[in-house]
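Novice: Let chain A serve as the given structure and place chain L on it in line with the hints.
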Amino acid sequence: MAEKTIQIEIKRQSGPEAPSTWEKFEIPWKPGMNVISVMREIAANPVNSNGQETTPIAYDSNCLEEICGSCAMVINGKARMACSALVDKLEQPIRVQPLTKFPVVRDLAVDRSVLFENLKAVKAWVPVDGTYDLGSGPRIFPQQQEAAYPLSNCISCCCCMEVCPQFNDATGFVGAATIAQVKLFNSHPSGKVLKEERLRALAGDGGVQECGFAQNCVQACPKQLPLTEAISDVTRDVTLQVAKDFLRA
Amino acid sequence: MAAPKIIVVGGGLAGLAAVIKIAESGGNVDLFSIVPVKRSHSVCAQGGINAAKNLKGEGDTTWKHFDDTIYGGDFLANQTPVKAMCEAAPGIIDLLDRMGVPFNRTPEGLLDFRRFGGTLYHRTAFAGATTGQQLLYALDEQVRRYESEGRVRKFEGWEFLSAVLDSEGVARGICAMNLRSMELVTFPADAIIIATGGNGAIFGKSTNSVVCTGSAQAALYQQGAYYANGEFIQVHPTSIPGEDKLRLMSESARGEGGRVWVPRTPGDKREAKSIPENERWYFLEEWYPKYGNLVPRDVATRAIHKVVYEHGLGIDGQPMVYLDLTHIDRATLDRKLEGILEIYEKFVGDDPREVPMKIFPGMHYTMGGLWVDFNQMTNIPGVFAAGEAEYQYHGANRLGANSLVSCIFGGFQAGPNAVAYAKSLKPASGDGGHAQELARQQALNQQLLSSSGTENPFRIWRELGETMTQNVTVIRYNKNILETENKIAELMERYRNINLSDRSQWANTSFAFTRQLWNMLQIGRVVAQGARLRDESRGAHYKPDFPERNDEKFLKTTKASFDATANEPRIEYEEVDTQFIPPRPRRYDAAS
Chain A
17 MAEKTIQIEI KRQSGPEAPS TWEKFEIPWK PGMNVISVMR EIAANPVNSN GQETTPIAYD
77 SNCLEEICGS CAMVINGKAR MACSALVDKL EQPIRVQPLT KFPVVRDLAV DRSVLFENLK
137 AVKAWVPVDG TYDLGSGPRI FPQQQEAAYP LSNCISCCCC MEVCPQFNDA TGFVGAATIA
197 QVKLFNSHPS GKVLKEERLR ALAGDGGVQE CGFAQNCVQA CPKQLPLTEA ISDVTRDVTL
257 QVAKDFLRA
Chain L
3 MAAPKIIVVG GGLAGLAAVI KIAESGGNVD LFSIVPVKRS HSVCAQGGIN AAKNLKGEGD
63 TTWKHFDDTI YGGDFLANQT PVKAMCEAAP GIIDLLDRMG VPFNRTPEGL LDFRRFGGTL
123 YHRTAFAGAT TGQQLLYALD EQVRRYESEG RVRKFEGWEF LSAVLDSEGV ARGICAMNLR
183 SMELVTFPAD AIIIATGGNG AIFGKSTNSV VCTGSAQAAL YQQGAYYANG EFIQVHPTSI
243 PGEDKLRLMS ESARGEGGRV WVPRTPGDKR EAKSIPENER WYFLEEWYPK YGNLVPRDVA
303 TRAIHKVVYE HGLGIDGQPM VYLDLTHIDR ATLDRKLEGI LEIYEKFVGD DPREVPMKIF
363 PGMHYTMGGL WVDFNQMTNI PGVFAAGEAE YQYHGANRLG ANSLVSCIFG GFQAGPNAVA
423 YAKSLKPASG DGGHAQELAR QQALNQQLLS SSGTENPFRI WRELGETMTQ NVTVIRYNKN
483 ILETENKIAE LMERYRNINL SDRSQWANTS FAFTRQLWNM LQIGRVVAQG ARLRDESRGA
543 HYKPDFPERN DEKFLKTTKA SFDATANEPR IEYEEVDTQF IPPRPRRYDA AS
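Listed in order, the protein sequences are those of chains A and L.
End of the first sequence = 265 in my numbering, gap-free, step of one.
End of the second sequence = 594 in my numbering, gap-free, step of one.
Calculated from the structure, these hints are not laboratory results.
Yeah, the Cβ is synthetic: ideal placement off N, Cα and C, and Gly gets one too.
One thing to keep in mind: the hints can contain errors.
Simulated pairs of lysine-lysine, BS3-like, Cα-Cα distance not exceeding 25 Å [said to hold, decoys possible]:
1. L:K428 to L:K7
2. A:K136 to L:K348
3. L:K58 to L:K292
4. L:K348 to A:K105
5. L:K481 to A:K117
6. A:K136 to A:K105
7. L:K348 to A:K46
8. L:K308 to L:K481
9. L:K271 to A:K46
10. L:K156 to L:K425
11. A:K136 to L:K156
12. L:K545 to L:K481
13. L:K481 to L:K428
14. A:K46 to L:K207
15. L:K545 to L:K561
16. L:K545 to L:K555
17. A:K136 to A:K40
18. A:K40 to A:K20
19. L:K66 to L:K292
20. L:K275 to L:K308
21. A:K20 to L:K55
22. L:K425 to L:K481
23. A:K27 to A:K94
24. L:K561 to A:K94
25. L:K545 to L:K558
26. A:K94 to A:K105
27. L:K348 to L:K207
28. A:K117 to A:K94
29. L:K55 to L:K66
30. A:K27 to A:K46
31. A:K105 to A:K27
32. L:K292 to A:K20
33. L:K207 to A:K105
Stretches of chain L that chain A covers, calculated by requiring three or more beta carbons in the stretch to come under 8 Å of a beta carbon on chain A [what the hints assert, rightly or not]:
34. 19-28
35. 387-400
36. 495-508
Isolated chain A (complex conformation):
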């Protein structure tokens, strides 16, 4: 009997301006493989299914346990993390391509720095007075912790932005991940000191108003963040803030 193999097709692009092509590979199957281990096999033996020598695949990865957020890509049409994409659960040929809403660096590696810029714009931090000893933090009841914790699990993978029909150059929408962080920091006893600034940053073009309620984000999120709930809560707060600012003016 022939050795069991995996068929995989990878969309490749040698640089940001280069044309893209699909390259096919046939890799020996092993139990428990994920898409990352397939790419490692290619690196150890960079030959495509036509028997031609090729280059190893460029892709981002780090923790391989779906917590660092690096290895997001589109696998069989779905934006997801490559490390938790188990080969035995995927239809073959497995088709892998880079996220489509972010500039390609090379092959499957894309530039997602826009999310980190957005987090700066909404001041996604607690502005502590200093790191010297100022005693214990505020009392927080378990219910509050249990509400905050899921939002704090966002791994910045950008899957929610990839699948959002509104996340594009035309709208400049910040996307669900950033809005969820606004909710997180606005609900923290000392983080809320910046609440008004954060809400103002999400008013107007590119802010919460761009959301079209497609609800793709919440389905794509690998960490099950309550994204639609966060968007609706923050939208309400932004509306109130805009009204308040209008009355004050």
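Specialist: Here is chain L on its own, set in the frame of chain A:
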């Protein structure tokens, strides 16, 4: 005088902690990281962070934390810095709490604490089972704040290659490679802090992230820095074997009541849940009645090895044992352990709330690292180190939940100490060695690019991992270690005949990997040789031929220096600071 310029390499907890302290004191920082710092390996830490806050009415103290840490590390750690760390830990927890880390809470709204290995106290603060992620994000957010104020410049997607040293051997900056343009640049600095984590990659598969190659430490070692206690490698008792890596199953699973067992009958084919209580062997509870499942990691790892390889009782004859949580109710599991249970569910496919998990020990933590003095400075003036990249807080075995506190404490020390050092630094003569270092690194790149051999770097790496895992982890024999040393020498020869299957000069990840690989081989040798020469058993280092600890000969820090001519390590030893707690036998099975 202008504010000192400090370069921090590595954006995990230690690096970010250093950056925050420097920025806060008015210094300027350039932060270099291979990955966006929010994706650093600290994100993987699960169980929690230790501090003797004594919020459970148990009479816990920072002294007891200190004693547990020293005893857990089998007395190899210098006591002065460990004592300082344990004393600072409660304040660090408060600070993290103020930064917004969503720690689990008691009904009164106070921090909740759980038990961890190697202690009898509830001393571990936790945020679900993703504490490292939550801590990393808190520090990442503070650094982003400083970045937006212009105090910090981030160089993400740059890899540290070497320190720039002047004619007197004093650090004047770093040489780094842009991982997109592949361009080499030297950056000036008055002091540099290396916070690049552990070196799991030299074992091929480990619980570490892809970037944990130890490459930066190895580069500095080849530039004259001492590498200390390299042979002390923590093999975590409970990891999930995988094709691409070993995924950690946190000690918190046992901290919350998880029990380790095997069927008493070899090769028992029954489903775990159908095996009656009296046909299960809870070997940790039987052998270590006082600590039970929460013995330190080295002890638990050896016990699992023994049960599997000597008693032949691995599940279904495989190298695996059960870690069982199914007796704990779902709500408690979800509240305290959800993150790790999800990992098991996703990567194995079984629900650990219903079915006992199958686990086995896996390489996890690098106790050794760059030698540093009590100010966190290496023997190269101006090069500091913090976090897992250095050696000084965990001795021969790290206790669970001590890594996060040592990273943050080490960063908090290194940052201000680097600033103080930089303020008194005399100006460099000439260009401080920048042109020379750039030329040296360019030549190394050229050499690789023009190599037209036949050896695939990823296959060399696999072979390195296999020999290291086989001979230099849980059970060590000198004959086998020597085999590994010879194997590494052979791999180094083959490296000279490397075939870069990708020579392009844009985002060439295999080129960057091939550069790291040389450094991995170097540090693998340090680990192996240190292990061979230490003829005793201490903490994670266990030799059946020398089963006892030998304080007379080996209560000493191993210091490896690089002999460039011979291209191999030279080992020397240094006295350990034991001024507070006299060494005593380490016995978790007895009433101690």
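Novice: Indicate, hint by hint, whether the structure satisfies it.
Specialist: Right, here's what the structure says about each hint:
1. With a C-alpha separation of about 13 Å, the suggested pairing of L:K428 with L:K7 holds against the 25 Å cut-off.
2. For the given pair, A:K136 sits about 32 Å from L:K348 by alpha-carbon distance, which is inconsistent with the 25 Å threshold.
3. Distance hint between L:K58 and L:K292 is fulfilled; the C-alpha atoms sit about 19 Å from each other, no more than 25 Å.
4. Annotation: proposed proximity of L:K348 to A:K105 holds, straight-line Cα distance about 11 Å (limit 25 Å).
5. Restraint check for L:K481 and A:K117: the C-alpha separation of about 55 Å exceeds 25 Å, so the hint is violated.
6. Among the hinted pairs, A:K136 with A:K105 is inconsistent with the structure: their alpha-carbon atoms are about 38 Å apart, more than 25 Å.
7. Taking the CA atoms of L:K348 and A:K46, the gap is about 18 Å. The hint holds against a cut of 25 Å.
8. In summary, the hint linking L:K308 to L:K481 is supported, as the alpha carbons are separated by about 21 Å, within the 25 Å threshold.
9. The suggested pairing of L:K271 with A:K46 holds, with an alpha-carbon distance near 24 Å, which does not exceed 25 Å.
10. Between L:K156 and L:K425, the direct Cα distance comes to roughly 22 Å. Compliance with the 25 Å bound is thereby established for this hinted pair.
11. Only pairs whose Cα atoms come within 25 Å are accepted, and A:K136 paired with L:K156 is accepted, the gap being roughly 13 Å.
12. About 11 Å separates the Cα atoms of L:K545 and L:K481, which keeps this hinted pair within 25 Å; it holds.
13. As the CA atoms of L:K481 and L:K428 are separated by approximately 50 Å, the hinted pair breaks the 25 Å bound.
14. A threshold of 25 Å between alpha carbons decides the hint, and for A:K46 with L:K207 the separation of about 16 Å falls inside it, so the pair holds.
15. Of the supplied pair hints, the one linking L:K545 and L:K561 holds, its CA atoms being roughly 20 Å apart against a limit of 25 Å.
16. Of the supplied pair hints, the one linking L:K545 and L:K555 holds, its CA atoms being roughly 15 Å apart against a limit of 25 Å.
17. Taking the CA atoms of A:K136 and A:K40, the gap is near 40 Å; set against the 25 Å cutoff, the hint is violated.
18. Note on A:K40 and A:K20: the hinted pairing holds, with a Cα-Cα distance of about 16 Å set against a maximum of 25 Å.
19. At most 25 Å may separate the alpha-carbon atoms for a hinted pair to count; L:K66 and L:K292 meet this at roughly 17 Å.
20. As the CA atoms of L:K275 and L:K308 are separated by approximately 23 Å, the hinted pair is consistent with the 25 Å bound.
21. Restraint check: the Cα-Cα separation between A:K20 and L:K55 comes to about 56 Å, which exceeds 25 Å; the hinted pair is violated.
22. Restraint check for L:K425 and L:K481: the C-alpha separation of about 50 Å exceeds 25 Å, so the hint is violated.
23. With a C-alpha separation of about 14 Å, the suggested pairing of A:K27 with A:K94 holds against the 25 Å cut-off.
24. Taking the CA atoms of L:K561 and A:K94, the gap is near 50 Å; set against the 25 Å cutoff, the hint is violated.
25. As the CA atoms of L:K545 and L:K558 are separated by approximately 17 Å, the hinted pair is consistent with the 25 Å bound.
26. With a C-alpha separation of about 13 Å, the suggested pairing of A:K94 with A:K105 holds against the 25 Å cut-off.
27. The suggested pairing of L:K348 with L:K207 holds, with an alpha-carbon distance near 19 Å, which does not exceed 25 Å.
28. Between A:K117 and A:K94 the CA atoms are separated by roughly 13 Å; this keeps the pair inside 25 Å, and the hint holds.
29. About 11 Å separates the Cα atoms of L:K55 and L:K66, which keeps this hinted pair within 25 Å; it holds.
30. A threshold of 25 Å between alpha carbons decides the hint, and for A:K27 with A:K46 the separation of about 23 Å falls inside it, so the pair holds.
31. Distance check on the hinted pair: A:K105 and A:K27 sit about 20 Å apart at the alpha-carbon level, within 25 Å; holds.
32. Simply put, L:K292 and A:K20 have alpha-carbon atoms about 50 Å apart, too far for the 25 Å limit, and the pair is violated.
33. Simply put, L:K207 and A:K105 have alpha-carbon atoms about 23 Å apart, close enough for the 25 Å limit, and the pair holds.
34. Coverage of a stretch by a chain is defined here by at least three residues with a beta carbon nearer than 8 Å to that chain's beta carbons; for the region 19-28 of chain L and chain A the count is 3, and the condition holds.
35. Counting residues of the region 387-400 of chain L whose CB lies closer than 8 Å to any CB of chain A gives 0, so the stated coverage by that chain is violated, three being the minimum.
36. Counting residues of the region 495-508 of chain L whose CB falls under 8 Å from any CB of chain A gives 4; the rule of at least 3 is met.
In this structure, the earlier hints numbered 2, 5, 6, 13, 17, 21, 22, 24, 32 and 35 are contradicted, and the remaining ones agree with it.
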